[in-house]
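Asker: Please put together the full structure from these sequences, using the hints given.
Numbering (this note's numbering), first residue to last: 1397 to 1717.
No lab work stands behind these hints: they were computed from the structure.
Where a beta carbon is used, it is the ideal one built from N, C-alpha and C, also for glycine.
Some hints here could point you the wrong way.
Below, in silico cross-link-like pairs of lysine to aspartate or glutamate (DMTMM-like), each with a Cα-Cα straight-line distance of 25 angstroms or less [said to hold, decoys possible]:
1) Lys1625 - Asp1652
2) Lys1625 - Asp1659
3) Lys1625 - Asp1681
4) Lys1625 - Glu1688
5) Lys1625 - Glu1606
6) Lys1625 - Glu1671
7) Lys1625 - Glu1653
Each pair of labels, with its calculated beta carbon distance range [stated by the list, open to error]:
8) Leu1588 - Phe1542: 23 to 31 angstroms
9) Gly1589 - Ala1527: 31 to 39 angstroms
10) Arg1570 - Glu1688: 25 to 33 angstroms
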Amino acid sequence: MTGAEAILTLRALINNGDFQPYWDFHLTQDHARSTRTTRRSLPDQPCLQTSPTHLQWMAQQPSTGCDDVHMRVLMPVPDHDFDVTEVAVPWRILTDAGHEVVLATERAGTVPAADPRLLTGVIFGQLGAEAEPRTFYQQLAGTPEFTATVSWSEVDVDDFDGLLLPGGHAPGMRQYLGSETLQRQVARFWTLGRPVGAICHGVLVLARSEDPATGRSVLAQRRTTCLPKYMERIAYFSTAWRLGRYYRTYPAYVEDEVRATLDNPDTQFQRGPLELTRRGTATDDTPAFIVEDRNYLSARWPGDAYLFGRRYLALLEGTER
1397 MTGAEAILTL RALINNGDFQ PYWDFHLTQD HARSTRTTRR SLPDQPCLQT
1447 SPTHLQWMAQ QPSTGCDDVH MRVLMPVPDH DFDVTEVAVP WRILTDAGHE
1497 VVLATERAGT VPAADPRLLT GVIFGQLGAE AEPRTFYQQL AGTPEFTATV
1547 SWSEVDVDDF DGLLLPGGHA PGMRQYLGSE TLQRQVARFW TLGRPVGAIC
1597 HGVLVLARSE DPATGRSVLA QRRTTCLPKY MERIAYFSTA WRLGRYYRTY
1647 PAYVEDEVRA TLDNPDTQFQ RGPLELTRRG TATDDTPAFI VEDRNYLSAR
1697 WPGDAYLFGR RYLALLEGTE R
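Answerer: Here's what the structure looks like:
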């Protein structure tokens, strides 16, 4: 069944009130999913279970006409401590659409790991990732590509249609955020003019990547958002008594460092509406916020991940959603 046919089927199931029986059936079956490729060859992918809310979101999306166009997206990550939601949600959205996400670590073959506190709860079982992104992460960790990572230094960025830079705040993120090797590769990809997405601390990688033509940050003339200073401060001050500097990756706040790289930060930096607890979901973008400037998309925190993933997919496919 093609992507368009699947969407029409799901719409009919929901409209007829038959979605729950279908969902129950779906959970008890073993499906093999293979994809037809016209642009690049993709390995056969196992059928991954998804949630009812995510399936309902898929059913609401218009057909893009891109069922046979498969694109490759590079997603660099550190060896450990990346954000669960900011990696797993975009991965799931892109792979559900038939695209390939290639994980890159400092050394090829490294099996990466998310921040464990976000899987179990940062403090007293709270402040971690929501249930659905945790499920997506478990599914990602079970795929072949999770163990077949490529290296930052050896990857040929020209082989990819898009670049995604997730975030995270725990100490292990410094390996990724501070890598000059990765920054040079990101700067090379930036010159290609292809879709680039960055969320939360991931924007720091771009802020630190130097455009070889100008000697300035690749973000110097772009509009952007990132983890807002108020969010970082509140998370730090509310948990420092128990976790120390867990929420302070660097002495400087993310927002301050990003703003310092912009030509006109007062007009280019967009903080978005005040938000502390509500998160966007597969079916509700109300609390979410993103900034899109030509081929560049940015978001603030895990609460924006679903909207960020869907808008990045639209940017990648060149269609409106």
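Asker: Hint by hint, say whether it matches the structure.
Answerer: Hints versus structure:
Using a Cα cut-off of 25 angstroms, the hinted pair Lys1625 and Asp1652 holds, with the two alpha carbons roughly 7 angstroms apart. Proposed proximity of Lys1625 and Asp1659 is supported: the alpha carbons are some 19 angstroms apart, at most 25 angstroms. For the suggested pair Lys1625 and Asp1681, the alpha carbons sit about 22 angstroms apart, so the restraint of at most 25 angstroms is met. A hinted pair counts as satisfied when its Cα atoms are at most 25 angstroms apart, and Lys1625 with Glu1688 qualifies at roughly 20 angstroms.
The hinted pair formed by Lys1625 and Glu1606 meets the criterion: a straight-line CA distance of about 23 angstroms does not exceed 25 angstroms. Restraint check: the Cα-Cα separation between Lys1625 and Glu1671 comes to about 12 angstroms, which is no more than 25 angstroms; the hinted pair holds. Taking the CA atoms of Lys1625 and Glu1653, the gap is near 10 angstroms; set against the 25 angstroms cutoff, the hint holds. Hint check: Leu1588 to Phe1542, Cβ distance near 26 angstroms, so the stated range 23 to 31 angstroms holds.
For the pair Gly1589 and Ala1527, the beta carbons lie near 38 angstroms from each other, so the given range of 31 to 39 angstroms is met. Separation of Arg1570 from Glu1688 is about 28 angstroms and conforms to the stated range, judged on CB atoms against 25 to 33 angstroms.
Hint check: no violations occur; every hint is consistent with the structure.
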